[in-house]
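Below are the chains, spelled out letter by letter.
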Amino acid sequence: MNKQLPELVVSAGSEEEAEQLLAHGADAVTVGEEAFALRAPGNVQREALQAIVRTAHASDKKVYVLVNALMHHDTLPKMEQYIQDVAEIGADAIVFGDPAVFMTARRVAPGLALHWSAETTSTNYRTVNFWARKGVGRALLARELSMGEVLEIKQNSLIPIQVQVHGMTCIFHSKRELVSNYQRAHNREVKREAEMFLTEHTRKGQNYPVFEDVHGTHIMSCDDICMLPHLGPLLAANVDSFYIEGFGKPLSYNCKVVELYRQVIRQLSDQPDKPIDESLLAEIEAIQPAGRPLSTGFYFKEQIY
Amino acid sequence: MQVKTKVKKPELLAPAGNLEKLKFAVLYGADAVYIGGKKFGLRSKAGNFTEEDMKEGVAFAHERGSKVYVAANIMAHNEDFEGMAEYFQNLQQIGVDAVIIADPAVVEVCKEAAPGLPIHLSTQSSTTNWQSVQFWGEQGIPRVVLAREVSLAEIREIKKHVNVELEAFIHGAMCISYSGRCVLSNHMTHRDANRGGCAQSCRWKYDLFEEVDDEAMPLFAEGDDPFTMSSKDLCMLEHIPELIEAGVDSLKIEGRMKSIHYVATVVNAYRRVIDAYCEDPENFVFKPEWKEEIMKAANRPLTTGFYFHAPTEEDQIFGTPPKMAAFDFAGLVLDYDPQTGIALIEQRNNFKVGQEVEFISPDRERFTQRVEALWDEEGQEITEAPHPLQKVRMKVDRPVAPYDMMRKEK
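For the protein sequence lines, the chains are A and B, in the order given.
The first sequence begins at 1 in this note's numbering and counts up one residue at a time.
The second sequence begins at 1001 in this note's numbering and counts up one residue at a time.
For the record, the hints were derived by calculation from the structure and aren't laboratory data.
Each residue gets a CB set at the ideal place from its N, CA and C atoms; glycine is no exception.
Be careful, since some hints might not be right.
Claimed, not checked - With a Cα cut of at most 30 Å, we get these calculated DSSO-like pairs of lysine-lysine:
#1 B:K1232 with A:K191
#2 A:K78 with B:K1039
#3 A:K154 with B:K1039
#4 A:K301 with B:K1039
#5 B:K1039 with A:K134
#6 B:K1038 with A:K301
#7 B:K1232 with A:K134
Stated by the list, open to error - Label-pair ranges, simulated between beta-carbon atoms:
#8 B:V1285 with A:G291: 54 to 60 Å
#9 A:E34 with B:N1163: 32 to 38 Å
#10 A:V214 with B:Q1139: 45 to 51 Å
#11 B:Q1139 with A:T296: 35 to 41 Å
Unchecked claim - Some chain A residues close to chain B (C-beta under 8 Å, calculated; not the full set):
#12 D98
#13 F102
#14 E193
#15 G205
#16 E259
#17 Q263
#18 A282
#19 I284
#20 A286
#21 Q288
#22 R292
#23 L294
#24 F300
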C-alpha cells in the first residue's frame, strides 16, 4: 500500500539555503522576514521569497512563511501588506500565533492556508481542534510534550500536525532587551551581533544560546533534539510533518541532517521493523557542534507541576 | 454652576491566595478578587480554595458588593480536561462572577458546561493588540487581561477599536518573559511553568559568554553582578489618572502568594487614590502618604513596566537589591472598647511594650504610637506578645475597629 510519507520541513535563511535544503531532500522550507517572524535563520525578503517559491514549486515542494511574531500596534499595518504580498507570491501557507494575523489573513487573503503555532502554548488536541474549526490547516505542536501526548494529539486532531524532530528549541522569549540592559547596567559595550550564550550558576556545562532582535530576547535550549532513532512511532501514527530547526546551524550541517532524516523516513516506510543503523546517528554526532549534546527533548521526559 | 467631570471608576481587582486574604482584600477596598481553585490554576503553591472556602468567600464578597473571579488559567495538556466541565458547572453553582482562562480549549469547555458564566481571557494568552482583543471578543469573551507588554498609548488605541472590557496589571511582580512563552523551569527543573510549576528560573544567576572561534569569552568582569532577568515590581500608583483616562476597566494587582499585610496595604493605597481621583479629577493631588504605604509593603524596587517606554536596565534588578523598609504585620484588631480605649489584638508577629507600632484601617488615617502596656486575656500585665495568634489587650491612641491592622518596623 502506498502510504503517505510524512513531510520533512526545515527552516531556511536565504535563497541559497532553501535551494540546497530542498535539493538534499526537504519537502518544504519555512522562511520569514525579520519584522514578522520569530527566530527565522535569516531575513528572507519578498524578492528572495518569490525566487524560493518558484524553485520549490518547480519540484512540487512547498514554502511556508513565518508570520508568528506576537504583534504590537506598530507592526499591524505592515503585517497586512505583508500577508497580501505573501499570498500574491504564492507561498503555500503562513504560520501564525497571534490571532491578529489570523484575523487579517482571513480578511485580505482568504485563500491562503494557515498553520497555527503558538510556541509553548500549543499543548493539547482540543486547542488544535478549536483552530481547526476556524479553518486552520495545520497545527505546530509545542516541544514540551511527551511522545504519548504527541501521539494522542495526532489521534484526536481534525487537522494535520507538525512536530519538531531535530534542532534547538526556544525556551524563553521576552520583549525586553535583556542582554543590552545587562551590558548597559555594567557600562559595557552593547554587543548584539555576537554569538552569545548563558550558563546558569549551578548548571555549568549547559550552554543556553541567547540573542536579541527586534522581537526582544530569545533563549534557546542547551541541547539539540534528535529524534532520528525514534521516528518509528511518529511515522506509524501518521504524524504529518517533521520539522527540522535550521536556526543556529551552518548550511552544511542542516543539509546533512535533512539527508539523514530523509533516508530514515524512507527506510521506516519501506521496512518499518528494520532497526535504524546506529551509524546514521553517529553521522550526526560527528558534525554536532562542541558543547551541544543531542537529546530527545521532552519526548521521553516526565514533567511535574 | 460648577460641573463636575464624570469619570468612569474602574474596578480594583485584588489577588486572594486564600480565604483570609480574600476577606482582607475586600475589606480594604477591592471591588473584586481573583482566586484559584484546587485545579487548573497557575499558582499551585498558593494555598488555593476548597469548595467550602469558595462558598464562604463568595458570600463574604457579595455581601459587601465585591466580585469573585476564579483563575483556571493553565495551558492544558490532553490529560487536564478530566473533570473540567464539572468544575466549571460547580463554579457557576457557587456563584463566582467569572473565570479567568488562558487556553481556548478550556474556554470552550467552560462555555459549554456553564453557559452564562463570564470568561475573562488570561494574560497568559499574551494579547498585545486590538485585533487580538477583537478576536477574543468575537469568541464571546467579555473581558481580556492584557499582556504586560502593552503600553498606555496602545491601551488607548485598543479602546478606540473594540468594545471589550480591558483588564491590566497595575501592581506587583512581573514575568520578565511574554507570559506563557517561558519554559525555563521545564528545561532546568522539569517543572511545567504553564501548569503551575514555574520556579522563577528567570531570577537565578547566569553568566554571559560570547563564542569566539569555539572559545567561550566572558562578557562580564570580576566584580560584575551575574546576568539575571529579574524585573522590578510594577507600581502604577502615581499614574492612576492616566490609566482611568485611557479607559482601563479593571486595575489588577498581582500577588496570590503575597501576605495579608501586602494585600491589605496595597489594595487600600490604590483604593484611596482611585476614589480621590474619581471624586474630583480636576483638583486631584497625589498624596505622598499613599506611596509611603506602598513602600511599607514593597519587597522589590519599583517600575512602570511597559506603560510609558520600553523597559531598560533601570527596570530590572541586578545584584543585591537595595534594602526596602520592611514592616511586619504584628497584630490584627479583633475588638475595641470606645469607653476604655482598649483594643483586643490577635498577635501575628512578636511585639513588645515600648515598641513603635502603626495602625492602618480601610477608611481612617493611619497613626503611629508606642505600645505603652499590654495585658493578656486573663488581665495579667505582660511585657511582650510572643505567641502567634495570642490575644492581648492594649490601649490605643485613637479609635480602631475589627480588621484594622497593626504593623511594626522589621
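* Which hint numbers does the structure go against, in order from smallest to largest? -> 2, 7, 10, 14, 15, 16, 17, 18, 19, 20, 21, 22, 23 and 24
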